[in-house]
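Asker: All chains, full assembly: derive it from the sequences and hints.
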Amino acid sequence: MARFVRFLRNEEEGPLWGLVNNDDKFLEIEGDRFTRYNVTDREINPKDVRILPPCVPGKIVCVGLNYAGHAKELNMELPKEPLFFIKTPNTVIGHKDKIKMPEISARVDYEAELAIIIKNDIKNIDEDEVEKNVLGYTCFNDVTARDIQKADGQWSRAKCFDTFGPMGPYFTRKINPDNVEIKLLLNGEEKQGSNTSDFIFKTGFLVSYISKMMTLNRGDVITTGTPPGIGSLSKGDRVEVEIEGIGKLLNYVE
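Residue numbering for the sequence shown follows the working numbering, starting at 63 and increasing by one per position.
Any given hint could turn out to be false.
Keeping only pairs whose Cα atoms sit at most 25 Å apart, straight-line, the calculated PhoX-like set for lysine-lysine is [stated by the list, open to error]:
hint: 1; residue 1: K310; residue 2: K160
hint: 2; residue 1: K212; residue 2: K236
hint: 3; residue 1: K212; residue 2: K297
hint: 4; residue 1: K87; residue 2: K310
hint: 5; residue 1: K253; residue 2: K212
hint: 6; residue 1: K160; residue 2: K297
hint: 7; residue 1: K310; residue 2: K162
hint: 8; residue 1: K87; residue 2: K121
hint: 9; residue 1: K245; residue 2: K264
hint: 10; residue 1: K310; residue 2: K121
hint: 11; residue 1: K264; residue 2: K253
hint: 12; residue 1: K87; residue 2: K212
hint: 13; residue 1: K310; residue 2: K253
hint: 14; residue 1: K162; residue 2: K121
hint: 15; residue 1: K310; residue 2: K297
hint: 16; residue 1: K185; residue 2: K245
hint: 17; residue 1: K158; residue 2: K264
hint: 18; residue 1: K253; residue 2: K162
hint: 19; residue 1: K310; residue 2: K236
hint: 20; residue 1: K245; residue 2: K162
hint: 21; residue 1: K109; residue 2: K158
hint: 22; residue 1: K134; residue 2: K212
hint: 23; residue 1: K162; residue 2: K87
hint: 24; residue 1: K87; residue 2: K134
Here are the in silico distance ranges between beta carbons for each label pair [stated by the list, open to error]:
hint: 25; residue 1: D94; residue 2: E251; range: 36 to 42 Å
hint: 26; residue 1: M138; residue 2: R98; range: 43 to 49 Å
hint: 27; residue 1: D94; residue 2: G307; range: 19 to 25 Å
hint: 28; residue 1: R104; residue 2: E306; range: 40 to 46 Å
hint: 29; residue 1: Y314; residue 2: S218; range: 22 to 28 Å
hint: 30; residue 1: R98; residue 2: N152; range: 36 to 42 Å
hint: 31; residue 1: E92; residue 2: N152; range: 27 to 33 Å
hint: 32; residue 1: K274; residue 2: K109; range: 43 to 49 Å
hint: 33; residue 1: V118; residue 2: E193; range: 18 to 24 Å
hint: 34; residue 1: K194; residue 2: R71; range: 37 to 43 Å
hint: 35; residue 1: K310; residue 2: K142; range: 30 to 36 Å
Hints are computed from structural coordinates only; laboratory data are not their basis. Backbone N, C-alpha and C define an ideal beta-carbon position, used for all residues, glycine too.
Answerer: Rendered as structure tokens:
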């Protein structure tokens, strides 16, 4: 299963792309993963580099309440149309980066999600055009200041603190995004566990639907909602989002 990674070997060289091999080492890629590229035989040890977020999104379009089990958990009716909010690019951090707790919030929650990375600039596309316009799927943690979310009524402030968008470590197209296991571990204990087959709105529909509302640009990200089991984070926590066929996104809380 082809999985890709974006990483930094040194600041002067800038970000590089790699193919994750069977030994979880990286084969360096020449070119741009969004367009044409060539996989070399130059092997990189992950211990020698910093893993970066898979892309630099101009915007992150987040879907709320998209697991039937989560709606049931909240005693809410299933939405008839997708519910959306925007997360800003300043939130994005990568694998092993630190989530920073804001001093003005007393309750910060984790939310494990599958994220879609857009490959091309798209507008008004149909569902049968979605697959060729998706670069891949990755892990995402939609970190949320829950007390601020409830106090404000609208969600922008609660969702957009710096570091509130961990993403990575790898991405792939070689999964069925509507039927993979997803879970979140907090200090090694499973807190969320589900399958994306519980989606209310499938990934192809979501990309098409959003593209008819706004232009999606190369590198933009769509997150697809969180399963049941959301809960709070504390300083010192180790939080992991794991999705079948992609990998495990690890972050620490400070």
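Asker: Against this structure, judge whether each hint is valid.
Answerer: Cross-check of the supplied hints:
no.	hint	in the structure
1	K310 to K160	15 Å, holds
2	K212 to K236	38 Å, violated
3	K212 to K297	22 Å, holds
4	K87 to K310	15 Å, holds
5	K253 to K212	22 Å, holds
6	K160 to K297	10 Å, holds
7	K310 to K162	20 Å, holds
8	K87 to K121	30 Å, violated
9	K245 to K264	18 Å, holds
10	K310 to K121	23 Å, holds
11	K264 to K253	23 Å, holds
12	K87 to K212	43 Å, violated
13	K310 to K253	15 Å, holds
14	K162 to K121	21 Å, holds
15	K310 to K297	20 Å, holds
16	K185 to K245	32 Å, violated
17	K158 to K264	29 Å, violated
18	K253 to K162	20 Å, holds
19	K310 to K236	16 Å, holds
20	K245 to K162	22 Å, holds
21	K109 to K158	12 Å, holds
22	K134 to K212	19 Å, holds
23	K162 to K87	29 Å, violated
24	K87 to K134	41 Å, violated
25	D94 to E251: 36 to 42 Å	40 Å, holds
26	M138 to R98: 43 to 49 Å	46 Å, holds
27	D94 to G307: 19 to 25 Å	24 Å, holds
28	R104 to E306: 40 to 46 Å	29 Å, violated
29	Y314 to S218: 22 to 28 Å	26 Å, holds
30	R98 to N152: 36 to 42 Å	31 Å, violated
31	E92 to N152: 27 to 33 Å	31 Å, holds
32	K274 to K109: 43 to 49 Å	44 Å, holds
33	V118 to E193: 18 to 24 Å	23 Å, holds
34	K194 to R71: 37 to 43 Å	31 Å, violated
35	K310 to K142: 30 to 36 Å	34 Å, holds
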